[in-house]
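K.L.:
Chains as they are written, first to last, in our numbering: chain G, 1 to 273; chain U, 1 to 292.
Mixed in with the good hints there might be a few duds.
[Unchecked claim] For lysine-lysine, the following DSSO-like pairs were computed, each having C-alpha atoms within a straight-line distance of at most 30 Å:
#: 1; chain 1: G; residue 1: Lys107; chain 2: U; residue 2: Lys102
#: 2; chain 1: U; residue 1: Lys7; chain 2: G; residue 2: Lys166
#: 3; chain 1: G; residue 1: Lys196; chain 2: U; residue 2: Lys102
[As the list claims (entries may be wrong)] Residues from chain U shown here face chain G by an in silico Cβ test under 8 Å; the list is partial:
#: 4; residue: Val4
#: 5; residue: Phe78
#: 6; residue: Ile115
#: 7; residue: Ala118
#: 8; residue: Tyr126
#: 9; residue: Pro239
In short, the hints are calculated from the structure, not lab data. Ideal placement from N, C-alpha and C gives every residue a C-beta, glycine not left out.
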Amino acid sequence: MTRFITSSFSHLILLIGILIMVVPVWMIFASSTHTSSMINMNGLQMFLGDSFYENYLRVLLYQGGFFKEITALKMFFNSFIMATGVAILSVVTSLMAAYALVYYRIKYATLLFWIIFITILVPLELRIFPTYSVMAELNLVNSYFGLIVPISASAIATLFFRQFYKTVPDELLESAKLDGANTWRFFVDFLIPLSKTMIVAMLIFMFVFGYNQYLWPLLVTTSEQYWTVVMGLKMMSGSIVHRFAFVMMSMVPPILIIIVLQKYFIKGVFQDK
Amino acid sequence: MKKVQFKSSYSQYLFLAPQLGILLIFLYWPIIQTFRDAFTMQDAFGFGSKFVWFDNFLFIFDDPAYFIAFKFTIIYSFVITLITGSIGLLLAVQANNVMHGKSTYKTLLIWPYAIAPAVVGVMANYFFSERFGLLYHLFHELWGFNWYESVFDSYIYVIIAGSWKQISANFIFFLAGLQAIQKSVIEASMIDCKNSLRRFWTITFPLLMPTTFFLIIINITYAFFDTFGIIDTTTIGAPSGETRTLVYKAYMDGFRGLDLGSAGAQSIMMMLIVLVITIFQFRYIEGKIHYN
Numbered sequence: 001m002t003r004f005i006t007s008s009f010s011h012l013i014l015l016i017g018i019l020i021m022v023v024p025v026w027m028i029f030a031s032s033t034h035t036s037s038m039i040n041m042n043g044l045q046m047f048l049g050d051s052f053y054e055n056y057l058r059v060l061l062y063q064g065g066f067f068k069e070i071t072a073l074k075m076f077f078n079s080f081i082m083a084t085g086v087a088i089l090s091v092v093t094s095l096m097a098a099y100a101l102v103y104y105r106i107k108y109a110t111l112l113f114w115i116i117f118i119t120i121l122v123p124l125e126l127r128i129f130p131t132y133s134v135m136a137e138l139n140l141v142n143s144y145f146g147l148i149v150p151i152s153a154s155a156i157a158t159l160f161f162r163q164f165y166k167t168v169p170d171e172l173l174e175s176a177k178l179d180g181a182n183t184w185r186f187f188v189d190f191l192i193p194l195s196k197t198m199i200v201a202m203l204i205f206m207f208v209f210g211y212n213q214y215l216w217p218l219l220v221t222t223s224e225q226y227w228t229v230v231m232g233l234k235m236m237s238g239s240i241v242h243r244f245a246f247v248m249m250s251m252v253p254p255i256l257i258i259i260v261l262q263k264y265f266i267k268g269v270f271q272d273k
Numbered sequence: 001m002k003k004v005q006f007k008s009s010y011s012q013y014l015f016l017a018p019q020l021g022i023l024l025i026f027l028y029w030p031i032i033q034t035f036r037d038a039f040t041m042q043d044a045f046g047f048g049s050k051f052v053w054f055d056n057f058l059f060i061f062d063d064p065a066y067f068i069a070f071k072f073t074i075i076y077s078f079v080i081t082l083i084t085g086s087i088g089l090l091l092a093v094q095a096n097n098v099m100h101g102k103s104t105y106k107t108l109l110i111w112p113y114a115i116a117p118a119v120v121g122v123m124a125n126y127f128f129s130e131r132f133g134l135l136y137h138l139f140h141e142l143w144g145f146n147w148y149e150s151v152f153d154s155y156i157y158v159i160i161a162g163s164w165k166q167i168s169a170n171f172i173f174f175l176a177g178l179q180a181i182q183k184s185v186i187e188a189s190m191i192d193c194k195n196s197l198r199r200f201w202t203i204t205f206p207l208l209m210p211t212t213f214f215l216i217i218i219n220i221t222y223a224f225f226d227t228f229g230i231i232d233t234t235t236i237g238a239p240s241g242e243t244r245t246l247v248y249k250a251y252m253d254g255f256r257g258l259d260l261g262s263a264g265a266q267s268i269m270m271m272l273i274v275l276v277i278t279i280f281q282f283r284y285i286e287g288k289i290h291y292n
C-alpha cells in the first residue's frame, strides 16, 4: 500500500513537471491557429482554432508581409546551413585535434593542450565586437562562412573526444600497428568507427548550438538574405497570430532532433555504454 | 597519457592544423583586439586611439550602472541555479523511482533543453504582456504586479523566463547521476534506514555531489552568457537597467554607445570571473567526476 502511495506521488509530481513544460508551448500553438482579432479580444487560447493552414502557409511562403524581402522558408534554409556547417566543421576539426593530442608524442604537448583548451573560457559573447571587426576585415560579413566559422571555433568537442580516446585500450593501437596500419588508417578505420556514438552526440550538440545562435547572426548579417530563424524573432513584425506561428515553427527542428536522437545524445554525453 | 603512441612527425600537424588555424584567426586574434580596445581610448571622431592604461577599467568601476548589472548577474545566477537545480533534482528522483513509464517521462521532460533562449524569451513575453498575458494578470490580481515599474517584479519575470528551459538540463544530469549509483549501495541503505527521506539526504544526495557541483557550474555559465537572448526579448533591462546582466550591459555599451574601450574592459573583467570559476571546475572535475 505504501509502495502504491509513494509511486502515485511520484507520478503526480512528474505530471506537474510535464504540464509546466507543455502548457505554455501548447497555448502558443493553440493561439497560433486562431485569427488575430480573436486573440486581441479574448487573449491566449487553450483550444485549437481553424486558421492553422492559413497562418502557417502565410508565414512560410509570403515575402514582404512578415519580413521585408525574405520568406520564413528561406530563413529555415539559412538556419539549416548554419547549424549543419557548425556541427560538421567543429566535430571534424575537434576529432582530428584530439587525435593528435592523445596519439602522438608531441614535443610541446602541454603548451598545445592549453592553447586549445583555454579558449573554452572565452565564449563568443566576450569577444563579439573584435570578432565582428575581424570578419569585416576579411570581408566575411553577410556570408554563410561568416555565420559558421566563428561559432565553430570551439574546443568543447575536443575535450570530449580527448576524454573518450583516453579510455580506448592501448592494445587497439598495438594490434593495428601489427596489422600494418599507418596513422591515417588507424584514425579512419579503427578510431572513428569506435567513436560513432560520441560523434553523433557531438553533432547533435553542436547542431542545436549553431541553430540556437541569436546574437552573432544579428550582428554579422545586414542583408536579409542571410537571416536565420532565431535572430528573425527580433526582426519579425506583422499580426500576432503570424508571430505565434513563427515562434512555434522556430522551435521544431532542434526539439525534433533531440527527441529522435536522444538515445545517442545521452549515451555520448554521459559516455555510458 | 597513452603508453603506445605514434612518433612525432609532420602528420601530427596536419591533424592539428584545422582547429588551431580556426582558433588562431577567429578566437586569438579577436581576443588580442579585446585587450587592445580595453587599454586604449578612441577619439571622438574614430580617427585614432591612444593608450590609456587602466582608464577604461577605472571608468567602469566608477559607473553605478556596472554595479547594478553586477548585482543582478550574481542574484540571477544564484536564483536560477537554486530553482532549476531543486526542481530538476525533484523530478529526477521521482523519475528514478517509478517502475513504469520512465523513458516516456524522460522524453516528455528533456525537449525544452533544445529550445533557444531567445525563443523562450519571446514566449515568456506573451505570458507577461500587459494586453493578454495570463501570468501578468494573475500576478497583477495577487499583488499589483507591474514589471515595467517594479524592480522586484521585473526580477520575477526574467527569473521565470530564465529558469523554465534550464530545468530540463538539470533533470537530465541528475537522472544520469542517480542511475549511475550502484544498486547494491541503495539496497544496503534500505536495510539500515527505513525512512526514505532521511535515506535520500544521508546516502543518495552525498553520492550525487559531483553531479551537483557540475550543474552549479553549468547553471552559472548559463545565467552569465546564454540568458542574453532572454533578456533581449523580455525586459531589455527594464525598469531602467536593473535586469541587465554583465554580458548584456557590455554589449549595449559597445553596440549602442559605440564605446569599445569600455566594452573591452568589461569583457576582460568577465574573463577574470570565468577564469576563477573554471579553475574551480577543473580542479573538481579532474579528480571527482565519474559517470561510470
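K.L.:
Please go over all the hints and tell whether each is borne out by the structure.
P.N.:
Here's how the hints hold up against the structure:
This hinted pair does not check out: G/Lys107 and U/Lys102 have alpha carbons roughly 49 Å apart, beyond 30 Å. Between U/Lys7 and G/Lys166 the alpha-carbon distance is near 17 Å, which keeps this suggested pair within the 30 Å criterion. Of the supplied pair hints, the one linking G/Lys196 and U/Lys102 holds, its CA atoms being roughly 26 Å apart against a limit of 30 Å. Evaluation of the U/Val4 hint against chain G yields a held restraint, the C-beta minimum of about 5 Å falling below 8 Å.
Hint on U/Phe78 is violated. Least Cβ distance to chain G is approximately 20 Å, over the 8 Å limit. Interface hint at U/Ile115: satisfied, since its Cβ lies 5 Å from the closest Cβ of chain G, which is below the 8 Å cut-off. With a least beta-carbon distance of about 4 Å to chain G, the hint placing U/Ala118 at the interface is held under the 8 Å criterion. Checking U/Tyr126 against chain G by beta carbon gives a least distance of about 6 Å; that is within 8 Å, so the hint holds.
Proximity of U/Pro239 to chain G is violated relative to the hint, the smallest CB-CB distance being about 21 Å (cut-off 8 Å).
Hints 1, 5 and 9 from the list above are not met by this structure, while the remaining hints are.
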